[in-house]
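Enquirer: In case you want the letters, here they are:
Protein chains: 2
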Amino acid sequence: MSDSRPIGVFDSGIGGLTVVKALRELLPNEAIFYLGDTARVPYGNKSAETVERYAIELARMLMAENAKLIVVACNTVSSVAIPKLRASFSVPVIGVIEPGAQAAIARTQNRHVGVIGTRATIRSGAYENALRALNVHVRVTSRACPLLVPLIEEGWLNDKLTDNIILRYLEPLISEEIDTLVLGCTHYPLLAGAIERAFGSKVKLVDSAQNCASAVKELLDQRSLRAPAGNPGNLEVALTDAPDNFLRVAREALQLEIGEVQLREVIHSAPAL
Amino acid sequence: MSDSRPIGVFDSGIGGLTVVKALRELLPNEAIFYLGDTARVPYGNKSAETVERYAIELARMLMAENAKLIVVACNTVSSVAIPKLRASFSVPVIGVIEPGAQAAIARTQNRHVGVIGTRATIRSGAYENALRALNVHVRVTSRACPLLVPLIEEGWLNDKLTDNIILRYLEPLISEEIDTLVLGCTHYPLLAGAIERAFGSKVKLVDSAQNCASAVKELLDQRSLRAPAGNPGNLEVALTDAPDNFLRVAREALQLEIGEVQLREVIHSAPAL
Numbered sequence: 001m002s003d004s005r006p007i008g009v010f011d012s013g014i015g016g017l018t019v020v021k022a023l024r025e026l027l028p029n030e031a032i033f034y035l036g037d038t039a040r041v042p043y044g045n046k047s048a049e050t051v052e053r054y055a056i057e058l059a060r061m062l063m064a065e066n067a068k069l070i071v072v073a074c075n076t077v078s079s080v081a082i083p084k085l086r087a088s089f090s091v092p093v094i095g096v097i098e099p100g101a102q103a104a105i106a107r108t109q110n111r112h113v114g115v116i117g118t119r120a121t122i123r124s125g126a127y128e129n130a131l132r133a134l135n136v137h138v139r140v141t142s143r144a145c146p147l148l149v150p151l152i153e154e155g156w157l158n159d160k161l162t163d164n165i166i167l168r169y170l171e172p173l174i175s176e177e178i179d180t181l182v183l184g185c186t187h188y189p190l191l192a193g194a195i196e197r198a199f200g201s202k203v204k205l206v207d208s209a210q211n212c213a214s215a216v217k218e219l220l221d222q223r224s225l226r227a228p229a230g231n232p233g234n235l236e237v238a239l240t241d242a243p244d245n246f247l248r249v250a251r252e253a254l255q256l257e258i259g260e261v262q263l264r265e266v267i268h269s270a271p272a273l
Numbered sequence: 001m002s003d004s005r006p007i008g009v010f011d012s013g014i015g016g017l018t019v020v021k022a023l024r025e026l027l028p029n030e031a032i033f034y035l036g037d038t039a040r041v042p043y044g045n046k047s048a049e050t051v052e053r054y055a056i057e058l059a060r061m062l063m064a065e066n067a068k069l070i071v072v073a074c075n076t077v078s079s080v081a082i083p084k085l086r087a088s089f090s091v092p093v094i095g096v097i098e099p100g101a102q103a104a105i106a107r108t109q110n111r112h113v114g115v116i117g118t119r120a121t122i123r124s125g126a127y128e129n130a131l132r133a134l135n136v137h138v139r140v141t142s143r144a145c146p147l148l149v150p151l152i153e154e155g156w157l158n159d160k161l162t163d164n165i166i167l168r169y170l171e172p173l174i175s176e177e178i179d180t181l182v183l184g185c186t187h188y189p190l191l192a193g194a195i196e197r198a199f200g201s202k203v204k205l206v207d208s209a210q211n212c213a214s215a216v217k218e219l220l221d222q223r224s225l226r227a228p229a230g231n232p233g234n235l236e237v238a239l240t241d242a243p244d245n246f247l248r249v250a251r252e253a254l255q256l257e258i259g260e261v262q263l264r265e266v267i268h269s270a271p272a273l
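Taken in sequence, the protein lines are chains F and B.
Using the numbering used here, the first residue of the first sequence is number 1, and each one after it goes up by one.
Using the numbering used here, the first residue of the second sequence is number 1, and each one after it goes up by one.
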């Protein structure tokens, strides 16, 4: 059994391409349709209700592309909208939180895990809940880091200024002796090098993009949804607004082959308010 | 003749409250209805078409509040959507670009003006066009500073890290010998202190919020639209999504008396795409 329909991946913007990169390395024969909601990015400071509504709209657009699976390549959306998405669509839905939490539990030795992300992700407590569901004895210290996304989008990936902001955000977590740090935003793998420079051996990094890709592979195998061997594995990228500087940064940093970027209009659903 | 209808002010988010602050100081008897599109903030990296469509939607909501005048308290919107807004609504529309450009021309002595703003504002060339329309001999050096808004929203207003990022962004402009700097984003007046610390006497700052408020006062006088003396001058604030941390930062930094914040749903217009 095999299934050549594409994997549908969506994100609030372009950060989810880190998940695409991890998927392509792990599953080179899978076709991927990526949808980034750049017209409304970022979601990180928006309310749960609004993020949920946007997520349904984007998933519907992926279903129109005949997706066999929906990957929520966005921590903010994964932290608030997975139950609603699973209830609304017939295909499997995979987010980044659960795989990241599992990897963190597997790696921590002192059972003290740090989590960084956008304000919405941290406020949701989603990682804390997922970690505690796996191990009630785990201690979780979280911090919202709203400057990291714009620093990454500026392309200041190897930069003293960025290093100083990382120190400001992370030093309190390190002094509380976390031994594992979940990079709870799909942008953050692009700062993994900078974080390792700052804290080196003191902390193990959990990259939500890589762990999400592993979870996708496992699910495709379980459900016999893998593409046939030899499938060309095209990548299509669509955005809801014209791409800005960050697409260039991501392309370079991730070395992703992206053809022409398509422009798509969001079909608005009726607001719940 | 007087007119007690409110002044309608809108912005992509909460930054436009710097304009509200300037309006209240200059026109304490005017009622103000402020609308911040926090559900879709920020506009700074979005396309001109999208920003124009959002602007029409917000102005329509202000007209439903019986606004006598629409103030576009957002540089991004002012830089791309003023002609469309003026064509679409019967009340006067005032943005922040034209007043800021006039003030800069009045202040520069060496006719070399710097402009900082979001990517969309700088890319639009709106300040450059407005400055050149006033004086063909003016030289304009612009720079997009996408990190300043998140730094302000983080509340790091008097902070070494912020000072270093300001230096990174502004040093090239200072070494090119601008003598006047337009703060081309309504958030930026909250960093005026930090910029003065960094460059002190080397550069005169043009605060787009203050100059916009002066232009509003002038227009109300010209058209006999001032509120009656003794009018209580209420301030109503409505947002399209729940307020986040930045409302607290702005309230404290601006010392604005804001009552209960209303939540409003955007009425979507048909997309042009």
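Be aware that a few hints might be false.
As the list makes no split between identical chains, a pair holds if one copy fits it or if it spans any two.
As the list claims (entries may be wrong) - Below, a list of computed lysine to any residue pairs in the SDA-like style, where the Cα atoms sit at most 20 angstroms apart:
1. Lys160 with Pro150
2. Lys160 with Asn66
3. Lys204 with Glu252
4. Lys204 with Arg143
5. Lys21 with Ala106
6. Lys68 with Ala192
7. Lys204 with Ser175
8. Lys21 with Val91
9. Lys204 with Ile174
10. Lys68 with Ser224
11. Lys68 with Asn234
12. Lys204 with Arg53
13. Lys21 with Ile258
14. Lys160 with Glu171
15. Lys217 with Ile174
16. Lys160 with Ala198
17. Lys21 with Ser47
18. Lys202 with Arg60
19. Lys217 with Arg86
20. Lys21 with Arg248
Derived by calculation from the structure, the hints in this document are not laboratory data.
Enquirer: For each hint, tell me whether it holds in the structure or not.
Expert: Against the structure, the hints come out as follows:
Taking CA atoms no more than 20 angstroms apart as the test, lysine 160 paired with proline 150 passes in both settings, with 15 angstroms inside one copy and 18 angstroms between copies. Neither within a single protomer nor between protomers do lysine 160 and asparagine 66 lie at most 20 angstroms apart by alpha-carbon distance, with minima of 45 angstroms and 51 angstroms respectively. Within a single copy, lysine 204 and glutamate 252 get their C-alpha atoms no closer than 25 angstroms, and across copies no closer than 38 angstroms, so neither meets the 20 angstroms cut-off. Within a single copy, lysine 204 and arginine 143 get their C-alpha atoms as close as 16 angstroms, which meets the 20 angstroms cut-off; across copies the closest is 38 angstroms, which misses it.
Proximity of lysine 21 and alanine 106 under a CA criterion of 20 angstroms is satisfied in neither setting, with 23 angstroms inside one chain copy and 52 angstroms between copies. In this assembly of identical chains, lysine 68 and alanine 192 lie within 20 angstroms of each other by CA distance neither inside one copy nor across copies; the values are 31 angstroms within and 52 angstroms between. In the homo-oligomer, the alpha carbons of lysine 204 and serine 175 lie at most 20 angstroms apart inside one protomer (15 angstroms), although the nearest pairing across protomers, at 43 angstroms, exceeds that limit. In this assembly of identical chains, the alpha carbons of lysine 21 and valine 91 never lie at most 20 angstroms apart, being 22 angstroms within a copy and 51 angstroms across copies at closest.
Proximity of lysine 204 and isoleucine 174 under a CA criterion of 20 angstroms is satisfied intra-copy only: 11 angstroms inside one chain copy versus 42 angstroms between copies. In the homo-oligomer, the alpha carbons of lysine 68 and serine 224 lie at most 20 angstroms apart inside one protomer (11 angstroms), although the nearest pairing across protomers, at 63 angstroms, exceeds that limit. When the C-alpha separation of lysine 68 and asparagine 234 is checked against a cutoff of 20 angstroms, the pair qualifies only within one copy, where the shortest distance is 15 angstroms, while the shortest distance between copies is 54 angstroms. Taking the shortest Cα distances, lysine 204 and arginine 53 never come within 20 angstroms of each other, neither inside one copy (35 angstroms) nor across copies (45 angstroms).
For the identical chains of this complex, lysine 21 and isoleucine 258 are intra-copy neighbours only, at 11 angstroms inside a copy versus 46 angstroms across copies, given an alpha-carbon limit of 20 angstroms. Taking identical chains as interchangeable, the C-alpha atoms of lysine 160 and glutamate 171 lie at most 20 angstroms apart whether they share a chain (16 angstroms) or sit on different chains (16 angstroms). For the identical chains of this complex, lysine 217 and isoleucine 174 are neighbours neither inside a copy (33 angstroms) nor across copies (53 angstroms), given an alpha-carbon limit of 20 angstroms. For the identical chains of this complex, lysine 160 and alanine 198 are neighbours both inside a copy (10 angstroms) and across copies (19 angstroms), given an alpha-carbon limit of 20 angstroms.
For a Cα distance limit of 20 angstroms, the shortest separation of lysine 21 from serine 47 qualifies neither inside one copy, at 29 angstroms, nor across copies, at 26 angstroms. For the identical chains of this complex, lysine 202 and arginine 60 are neighbours neither inside a copy (43 angstroms) nor across copies (54 angstroms), given an alpha-carbon limit of 20 angstroms. In this assembly of identical chains, lysine 217 and arginine 86 lie within 20 angstroms of each other by CA distance solely inside one copy; the values are 19 angstroms within and 54 angstroms between copies. Taking the closest pair of Cα atoms, lysine 21 and arginine 248 come within 20 angstroms of each other only inside a single copy of the chain (15 angstroms); across copies the shortest separation is 38 angstroms, beyond that limit.
Hints 2, 3, 5, 6, 8, 12, 15, 17, 18 from the list above are not met by this structure, while the remaining hints are.
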